[in-house]
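Participant: Sequence:
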Amino acid sequence: MSLMKFVFPTLFIAENASIPKTLEDLTSRVASAEATKTSWQPPASAQEATEQMQHLQRLRDKMTTAGALLDDCNEQQAFFTANQVLVPAVCLSRLEDLNTRMKLLQIAMDERQKTLCNAGANQALENGDDGRTTSNSGTIGPLPNLGQSVKPPWERATTAANVPYYIE
Numbered sequence: 001m002s003l004m005k006f007v008f009p010t011l012f013i014a015e016n017a018s019i020p021k022t023l024e025d026l027t028s029r030v031a032s033a034e035a036t037k038t039s040w041q042p043p044a045s046a047q048e049a050t051e052q053m054q055h056l057q058r059l060r061d062k063m064t065t066a067g068a069l070l071d072d073c074n075e076q077q078a079f080f081t082a083n084q085v086l087v088p089a090v091c092l093s094r095l096e097d098l099n100t101r102m103k104l105l106q107i108a109m110d111e112r113q114k115t116l117c118n119a120g121a122n123q124a125l126e127n128g129d130d131g132r133t134t135s136n137s138g139t140i141g142p143l144p145n146l147g148q149s150v151k152p153p154w155e156r157a158t159t160a161a162n163v164p165y166y167i168e
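At position 95 of the sequence shown the residue is numbered 95 (UniProt numbering), and the sequence of numbers has no breaks.
One or more hints might be untrue.
Quick list of simulated restraints, FRET-style, between CB atoms [claimed, not checked]: (1) Asn162 x Ala35: 20 to 30 angstroms; (2) Lys37 x Ala161: 18 to 28 angstroms; (3) Ser39 x Ala82: 34 to 44 angstroms.
Derived from the structure by calculation, the hints contain no laboratory data. Bear in mind that the values here come from a model prediction, so they are computed numbers and not experimental data. Glycine included, each C-beta is placed from N, C-alpha and C at the ideal position.
Put together the whole structure using the sequences plus the hints.
Facilitator: See the structure below:
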C-alpha cells in the first residue's frame with residue numbers, strides 16, 4: 001500500500017503531464033500580462049484613455065482564459081490532495097505563486113480601469129438641442145446616440161456583471 005502511494009503519483013504525473021505543462025503555459029501568460037502592466041502610462045487625453053481601455057479589455061479577456069486554466073489546476077490539486085495522491089512540491093509552489101500573481105494582476109487591472117474611467121470622466125460633453133453641458137461620469141469612448149431614447153441629463157452605470165446601462 002505505501003509502495004502504491006509513491007508509484008502512483010509518479011506514474012500519474014508522467015502519463016498525464018498536463019498539470020506541469022499547464023503551469024508552464026500559465027507562467028508565460030502571467031509574465032506577459034505583468035510586462036504589459038509595467039508599461040502602463042497615465043492617459044494624456046480622453047481619446048487615449050479610450051484606446052487604453054480597449055487594450056485593458058483585451059488583457060482582461062486573455063486573463064479570463066488564464067484564470068479558468070488556473071481554476072482547473074487548483075481543482076485538480078484539490079482532488080489529488082483529497083484522494084491522498086502526492087503532487088510534486090515544485091508543482092504546488094508554482095501553483096501557489098501563480099494564484100498570488102493572478103490576484104495581484106486582477107487588483108492592478110481593477111485599479112487601471114478606475115484610472116482610465118476617471119481620465120475619461122473629466123471631459124464635459126455638450127448634449128445638443130438646449131446647449132446644456134453635462135459630465136457623463138464613467139463614460140469612456142464614443143457616446144451612443146441617446147437623444148432618441150433618453151433625455152439629458154443621463155448617467156451610465158454597470159451591473160455587477162459589468163453590463164453597461166443608462167439611467168435617466
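Participant: Now tell me, hint by hint, if it's right for this structure.
Facilitator: Verification of the hints:
Checked against the given bound of 20 to 30 angstroms, the beta carbons of Asn162 and Ala35, roughly 25 angstroms apart, stay inside it. Take Lys37 and Ala161: their Cβ atoms lie about 24 angstroms apart, and the range 18 to 28 angstroms holds. The hinted range of 34 to 44 angstroms is satisfied by Ser39 and Ala82, whose Cβ atoms lie roughly 41 angstroms apart.
The structure fails none of the hints (numbered hints given earlier).
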